[in-house]
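Protein chains in written order, with the numbering used here: chain S, 2 to 556; chain X, 4 to 228; chain A, 69 to 218.
Please note that the accuracy of each hint is not assured.
[Claimed, not checked] Simulated pairs of lysine-lysine, DSS-like, Cα-Cα distance not exceeding 25 Å:
{"hint": "1", "chain 1": "S", "residue 1": "145", "chain 2": "S", "residue 2": "133"}
{"hint": "2", "chain 1": "S", "residue 1": "412", "chain 2": "A", "residue 2": "156"}
{"hint": "3", "chain 1": "A", "residue 1": "129", "chain 2": "X", "residue 2": "127"}
It should be emphasised that the hints constitute simulated quantities derived from the structure, not laboratory data.
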Amino acid sequence: MPKFQSAAELEKFRAEILSSRDPAKPCIAVCAGAACAGMDSAAVAAAFLAALDQQKLGDKLEVRTTGCHGYCEKGPNVVITPGDICYFEVQPTDVSEIIAAALKGEVVDRLVYKDPGTGAKAVHMSEVPFYKHQMRLLMGDNPKIDPMRIDDYLAVGGYAALVKALTEMTPDQVLDEVKKANLRGRGGGGFPAGSKWETTKKAPEKTKYVIVNGHEGESAAFMDRAMLTGNPHKILEGLIIGAYAIGAQKGFMYTRHDMPLLEKHVRNALLQAKEYGLLGENILGSGFAFECELHFDVGIFVSGESSALMRSIEGHAPEPRPKYIRTSVSGIWDKPSNLNNVETWANVPQIISKGAEWFTSIGSERSKGTKLISLSGNVVNSGIVEVPMGTPLRTLAFDIGGGVRDGKTLKAIHFGGAMGGSIPADLIDAPLDFDGMSKLGAPIGAGGLLLMDEDTDMVEVARYLLDFLVNESCGKCAPCREGMPQMLHILTNMTEGKGKAGDLERLEDLAEVTGAASLCALGKTSADPLKSMFRYFKPEYEARIVNVAGGSDAK
Amino acid sequence: MSEVHEIALTIDGKDVKATAGMTVLQAAQQADIHIPTLCHHEKLEAFGGCRLCIVEVEARGWTSYVVSCLYPVAKDIVVRTRSEKVDKIRKVIVEELMAHAPDAPELVRLAEEYGADRERFERKESFCIVCGLCVRYCNEVKHENAVGFIDNGARREISFIPEIAKKVCWECQECFALCPTSYAQAAYLLTEALAFPGQRKEPSRPAKGTTAGRRVIPIMPIMTP
Amino acid sequence: MSDKTIDSIIEKYRGQPGSVIHALVEIQHENHWLPRDVIHRVADALEVPFAQVMQIASFYKAFSLTPKGRHEVHVCTGMTCHLRGAPKLQAKVEELTGLKDGETDADSRFTFETGACLGSCSIGPELIVDGKHYGRMTPEKVADVLKRYE
Numbered sequence: 002m003p004k005f006q007s008a009a010e011l012e013k014f015r016a017e018i019l020s021s022r023d024p025a026k027p028c029i030a031v032c033a034g035a036a037c038a039g040m041d042s043a044a045v046a047a048a049f050l051a052a053l054d055q056q057k058l059g060d061k062l063e064v065r066t067t068g069c070h071g072y073c074e075k076g077p078n079v080v081i082t083p084g085d086i087c088y089f090e091v092q093p094t095d096v097s098e099i100i101a102a103a104l105k106g107e108v109v110d111r112l113v114y115k116d117p118g119t120g121a122k123a124v125h126m127s128e129v130p131f132y133k134h135q136m137r138l139l140m141g142d143n144p145k146i147d148p149m150r151i152d153d154y155l156a157v158g159g160y161a162a163l164v165k166a167l168t169e170m171t172p173d174q175v176l177d178e179v180k181k182a183n184l185r186g187r188g189g190g191g192f193p194a195g196s197k198w199e200t201t202k203k204a205p206e207k208t209k210y211v212i213v214n215g216h217e218g219e220s221a222a223f224m225d226r227a228m229l230t231g232n233p234h235k236i237l238e239g240l241i242i243g244a245y246a247i248g249a250q251k252g253f254m255y256t257r258h259d260m261p262l263l264e265k266h267v268r269n270a271l272l273q274a275k276e277y278g279l280l281g282e283n284i285l286g287s288g289f290a291f292e293c294e295l296h297f298d299v300g301i302f303v304s305g306e307s308s309a310l311m312r313s314i315e316g317h318a319p320e321p322r323p324k325y326i327r328t329s330v331s332g333i334w335d336k337p338s339n340l341n342n343v344e345t346w347a348n349v350p351q352i353i354s355k356g357a358e359w360f361t362s363i364g365s366e367r368s369k370g371t372k373l374i375s376l377s378g379n380v381v382n383s384g385i386v387e388v389p390m391g392t393p394l395r396t397l398a399f400d401i402g403g404g405v406r407d408g409k410t411l412k413a414i415h416f417g418g419a420m421g422g423s424i425p426a427d428l429i430d431a432p433l434d435f436d437g438m439s440k441l442g443a444p445i446g447a448g449g450l451l452l453m454d455e456d457t458d459m460v461e462v463a464r465y466l467l468d469f470l471v472n473e474s475c476g477k478c479a480p481c482r483e484g485m486p487q488m489l490h491i492l493t494n495m496t497e498g499k500g501k502a503g504d505l506e507r508l509e510d511l512a513e514v515t516g517a518a519s520l521c522a523l524g525k526t527s528a529d530p531l532k533s534m535f536r537y538f539k540p541e542y543e544a545r546i547v548n549v550a551g552g553s554d555a556k
Numbered sequence: 004m005s006e007v008h009e010i011a012l013t014i015d016g017k018d019v020k021a022t023a024g025m026t027v028l029q030a031a032q033q034a035d036i037h038i039p040t041l042c043h044h045e046k047l048e049a050f051g052g053c054r055l056c057i058v059e060v061e062a063r064g065w066t067s068y069v070v071s072c073l074y075p076v077a078k079d080i081v082v083r084t085r086s087e088k089v090d091k092i093r094k095v096i097v098e099e100l101m102a103h104a105p106d107a108p109e110l111v112r113l114a115e116e117y118g119a120d121r122e123r124f125e126r127k128e129s130f131c132i133v134c135g136l137c138v139r140y141c142n143e144v145k146h147e148n149a150v151g152f153i154d155n156g157a158r159r160e161i162s163f164i165p166e167i168a169k170k171v172c173w174e175c176q177e178c179f180a181l182c183p184t185s186y187a188q189a190a191y192l193l194t195e196a197l198a199f200p201g202q203r204k205e206p207s208r209p210a211k212g213t214t215a216g217r218r219v220i221p222i223m224p225i226m227t228p
Numbered sequence: 069m070s071d072k073t074i075d076s077i078i079e080k081y082r083g084q085p086g087s088v089i090h091a092l093v094e095i096q097h098e099n100h101w102l103p104r105d106v107i108h109r110v111a112d113a114l115e116v117p118f119a120q121v122m123q124i125a126s127f128y129k130a131f132s133l134t135p136k137g138r139h140e141v142h143v144c145t146g147m148t149c150h151l152r153g154a155p156k157l158q159a160k161v162e163e164l165t166g167l168k169d170g171e172t173d174a175d176s177r178f179t180f181e182t183g184a185c186l187g188s189c190s191i192g193p194e195l196i197v198d199g200k201h202y203g204r205m206t207p208e209k210v211a212d213v214l215k216r217y218e
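Modelling step: build the complete structure from the supplied sequences, incorporating the hints.
Encoded structure:
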């Protein structure tokens, strides 16, 4: 196992990898993302490998299991290179046909994409409507990488940004580049990452930490897990670069306890990076030392909140701390700790490689770069999508998403899970933008976008979201611990035909107080979906107030 | 000797001088300005749980609502301990807590001041308002950890640990007087009845030659007038 | 799970109060639940008050303070699955097993749990038994799936 003592050694190794790989040799990439795995893509992969072995095709063909391709709806997904030929809903029985076609440079017609309306076929990824409208800067490499092989990541240019940062830039220059790029946090806050990095860097304590928040508790958001499982090195590279810029000596990757494949891939990535000398002492001969540990949540949403997460890393129950104690100044064990979301870290290598100016050329005026969106709900094509900021929601919902399933009409779009909001279908032309969507009352959050069809009961949606949050509250502060169950109680009554006079006023008061007085973002944003409901769907709520006239139980 | 760093701020229109490291609550108390609290105790680390001490703070052009027991004083901040929004927040919190313990004297007094309606929200079974005074006192002052929190969210409650409680609680009882709703002593008694009936450790006799003994405070339910 | 295995886990973290969660996770993973006396042993060895270890054990839902069944039946109640019919799926499982969320049956055959989003939203609503995903489920298919697990 090579341990690179210098950047030159790494580059030499990379050149060797590339020269040993024949780009003309057909490669079959089988997606092992969460949904495809759930559709037993492992059996498909096993069938390919068995056939390869049996027919002794090892030198003619390659089979690779990869991370999430993105088109979760149509899994199991298989992509053939060269050509980026996309096959969908592949079964083990299709394997011999695919292999035969790949060897001859042909296409298996019945497995390619067909437009549900016109029947028009699309063979190559760049032609498939789902992929065509995307800008896959982060996801694009997934079909090319086996997450268990660091060499695959090196082959697509991985760790070149780290090399550049360590050999050509000072920590201040790296920080500057990230600030100029206006990289905003992708976990839900939208806070400028460069600013947070700077606060941590400037904090007087010498010991500093950097953290990857891979908790992804937001319901219906699944892109962080896909990125971390499918390309863990990209996030690690971003983390190391960030640590270099900030002056942190140690990093923590914090993720969920319930995904064995994710755990396996991340552990393996950390080990391989260490073996290659990309973690540890004197990385690539630069003098910079950095190590990284893996931590798990233990089954609760609030532990995705950054200060609670840090309590959890320390070994305590995850109780959030008020934000006036900024974790960038006093975080884990009271040391300056910079926490960013998986997707935020994943953006860092390309910002360093290609520069802030390039990055700011993508996106809208104040939201730069691309955003990963988990598209789901009553949508035809659900999956993970990557588009430039500023893309109209219509493109996401219709061009990429294929519209609403079962021929129904769109009623509402929901962003941000239990802490976001719903907007009506007539706002479909709004652009994907941090500030714009916040103003409309449906903040992007982590990027979980749900389409809701005409049969959706908007009172039930608010009730459901509160039900989720009530279970996830830590219980420390009164407004959240008491306020949310009281809101839930009223909404439950309303959905059961027991809404009574005074309910809407009580909901409004509870929403206001919980939002203003709660300790952390969970409580503070818990009433946001309800607020958006009152803004756009109030008549549906008013219709649920049955006991208005008076009588002994009206209040 | 370190320099004492003085900070000037305004509370309710009054110029207040505080020292660096103080919280807004401490600065207010020092200036004889009253801010209601429930989960706060001078012997304990500030908790920030009840949120009653919430105040309006104007700093660098931004207005925010923060809990004064934790918010650090800073130069030139303008603090308002009462306002329409602050009062509303306190009123609703009291109403939420009264769903648990409508007769707790503290809450009754606050309800009167802020116009809270004790029956506004759905009645809850537990009298515990999770202020944490008992848990924190037992941890930070007595170092016994005989009572702790369990579970999360609305299910969070205090729980006496029988193995420890039977050895230390009856002799101590100091958290009972701290409890705003008398729930702590009820919880202890229930734990004793279920887990170690008749086995509480009685206070030891005073040593020979001394007159001081431990005076056991009989537990009386707090009666509302 | 043998006492020896629990012992070795506890020994690994002796004197490290910051590792309470790590220790409990490992014990839970091996033993499928956290008996009270084990929590005491963890508290003693890691030098953390019992009340605090108990808070952590009861706070996090990955830990179980009661013994679990041989098979874990999980219905995803994330937002997408909810919109695609998870409540009906949940009702069916409740009907067939006689269990509500968090309960284990008297034969220790099944433990039923609901919980959010496992990230495979595109194949919702989902039933997951012992980690195996059954996607695009309908209430009608539940009985067949459960039959496979003794």
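The hints, checked one at a time:
Under the criterion of a C-alpha separation no larger than 25 Å, the hint pairing residue 145 of chain S with residue 133 of chain S is consistent with the structure, at around 18 Å. A C-alpha spacing of about 22 Å is found between residue 412 of chain S and residue 156 of chain A, which places the hinted pair at or below 25 Å, so the restraint holds. In summary, the hint linking residue 129 of chain A to residue 127 of chain X is supported, as the alpha carbons are separated by about 23 Å, within the 25 Å threshold.
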